[in-house]
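Residue numbers (our numbering), protein chains in the order written: chain A, 1 to 93; chain B, 94 to 509.
It is worth saying that the hints were derived from the structure and are not from the lab.
Glycine included, every Cβ here is placed at the ideal spot set by N, Cα and C.
Heads up, some of the hints might be wrong.
[What the hints assert, rightly or not] With a straight-line cut-off of 25 Å between C-alpha atoms, the simulated SDA-like cross-links for lysine to any residue are:
no. : chain 1 : residue 1 : chain 2 : residue 2
1   : B       : K247      : B       : P359
2   : A       : K50       : B       : P359
3   : A       : K50       : B       : K361
4   : B       : K247      : B       : G342
5   : A       : K50       : B       : K247
[Stated by the list, open to error] Sample of chain B residues lacking proximity to chain A, with all beta carbon distances greater than 12 Å (derived):
no. : residue
6   : D127
7   : L233
8   : D278
9   : L291
10  : A322
11  : V360
12  : V373
13  : G401
14  : R424
15  : I432
16  : E491
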Amino acid sequence: MLLIRCPWCGPRDETEFRNGGPAHIVRPREPTTTDEAAWGEYLFIRDNPKGWFRERWVHAAGCRRWFNALRHTVSHEIEATYRVDETPPEPPV
Amino acid sequence: MKRFSLLSLMRSAWSAHLDWPSYWRFPDPKRAYDVIIIGAGGHGLATAYYLAREHGMRNVGVLERGWLGGGNTGRNTTIVRSNYLWDESAFLYEHSLRMWESLAEELNINVMLSQRGVLNLAHSHGDVREARRRIHANRLNGIDAEWLDVAEAKAFCPVLDISPEARYPVLGGTLQRRAGVARHDAVAWGYARAADALGVDLIQNCEVTGFDIQGGRVKGVRTTRGAIAAGRVAIVAAGHNSVLAQLAGVRLPLQSHPLQALVSEPVKPVLPCVVMSNAVHVYVSQSDRGELVMGAGIDGFNSYAQRGSFHVIEHQMAACLALFPVFSRLRMMRTWGGIVDVCPDASPIIGELPVEGLFMNGGWGTGGFKSTPGSGHVFAWNIAKGEPHPLARPFALERFTSGALIDEHGAAGVAH
């Protein structure tokens, strides 16, 4: 069970949130000239690291806003949560 | 390999069964193999077995980071079925189910396949229509499937609560009578024992730390027990497929999640079949020891820790009690988790990766156990012949570029 700090509401129980998968995936800028491989990459191919991972969460049973988190996929430790317009923090060394 | 038979069991009884040899050898890795398989779970061991048995490739090494069958092979809820919606999946899983039916004789080990029937419940009119559609699709593909109305479902599974005032009233269900459960450890041990007897080296405590790739072609692997050369390398590492593929410079459409299961204290026989409900999210059966075996949904977040959050278990128990109030005073004995690699379309990836000679069989997500024999069989074909088995062709990685997905979320049985 995770304790997640919503950037607006503060620390809340994991059951209030929904995970939204990897963060910082950019939609192809020029859809008309993007080929199939690049679309496939954008839609389906994902980083799946064993270690620090930037991911999206939504505070579904709270303020209902999206934010990002830097979390470790083995220890589940959350290093930071940050708004989508903030600069992503670097993983701890 | 000393074969199991009535005669051999009787003969060994005279020596108090102390003369049984080890199921497999514990060899040191050779410097080179024709084929290296990474991962000694059910799928990897089955692949090694069929490579040796059907394709005469016996210079095969199976590398395992931990111990044999200690991953998802030993952590699943042992359900075996083939009632998938789309043709591609139906053919693949039915191929597997047919192999299950003769697997005990094939491997000379009791895999305890019990075809007690899998009942998939419908709780709304939408569910009913979807279920009936699945039945028709299954029958057109030669897979047994039938519709049970409420009374018939109650007769087939008497402990089911069918009262109309239930939170999720049962409106009927689909039944695959040939489906059921099997002994998961025996499958791993059986394939390991049979593969070892054919000359395959099973190397445990040997972690792959990198690949030797020259000119776009794989030449071998680096491991914690030294470098090993190989003409062909196959990744069959379930939750860790992405990690290994990354070492080879390949990105995959996979996300690793914890999937939890739990068992109750043992009780007398009470549940004669496997009951699944996608809407309420339950899948439950009773083991031969009397424990109720239940599976939860995946945790929503990515993880490589073999544990999940408690609220997922709590949700699973609430759903189970909604269908079976009779279980309300059962105590739960153990919970555990495994790491499953989930594909966007809930179907596996079988085939060669963008590195020549590097193959992969993964993305089975929450439903890999049932497909163990068929998966190993078609994958061995692919490795040996260098081209996909006809049944596996639609499951190549290219479908994430072409868009020809095989969307089996409805049949996966587990919420993603």
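Hint check:
1. Of the supplied pair hints, the one linking K247 of chain B and P359 of chain B holds, its CA atoms being roughly 23 Å apart against a limit of 25 Å.
2. A threshold of 25 Å between alpha carbons decides the hint, and for K50 of chain A with P359 of chain B the separation of about 37 Å lies outside it, so the pair is violated.
3. Of the supplied pair hints, the one linking K50 of chain A and K361 of chain B is violated, its CA atoms being roughly 42 Å apart against a limit of 25 Å.
4. Restraint check: the Cα-Cα separation between K247 of chain B and G342 of chain B comes to about 53 Å, which exceeds 25 Å; the hinted pair is violated.
5. For a cut-off of 25 Å, the pair hint linking K50 of chain A to K247 of chain B is broken: about 46 Å separates their Cα positions.
6. The claim that D127 of chain B lies off the interface holds: its Cβ sits roughly 29 Å from the closest Cβ of chain A, which is beyond the 12 Å cut-off.
7. Once the 12 Å rule is applied to beta carbons, L233 of chain B is consistent with being away from chain A; the minimum gap is 29 Å.
8. For D278 of chain B, the requirement that its beta carbon stay farther than 12 Å from each beta carbon of chain A is met, with the minimum near 26 Å.
9. At roughly 33 Å, the least C-beta separation between L291 of chain B and chain A is larger than 12 Å, which holds for a residue marked as non-interface.
10. Listed as outside the interface, A322 of chain B is consistent with that label: its C-beta sits roughly 26 Å from the nearest C-beta of chain A, beyond the 12 Å cut-off.
11. Against chain A, the non-interface label of V360 of chain B holds: every CB pair exceeds 12 Å, the least being about 29 Å.
12. Non-interface call for V373 of chain B relative to chain A: holds, since the shortest CB-CB distance, roughly 18 Å, exceeds 12 Å.
13. The claim that G401 of chain B is not at the interface with chain A is violated, since a C-beta of that chain comes within 12 Å of its own (minimum 9 Å).
14. Listed as a non-interface residue, R424 of chain B keeps its Cβ farther than 12 Å from every Cβ of chain A; the least gap is roughly 21 Å.
15. Residue placement check: I432 of chain B does not keep its beta carbon more than 12 Å from all beta carbons of chain A (closest about 10 Å).
16. For E491 of chain B, the shortest C-beta to C-beta distance to chain A comes to about 9 Å, within the 12 Å cut-off, and the non-interface label is violated.
Taken one by one, the earlier hints fail for this structure at numbers 2, 3, 4, 5, 13, 15 and 16, listed in ascending order.
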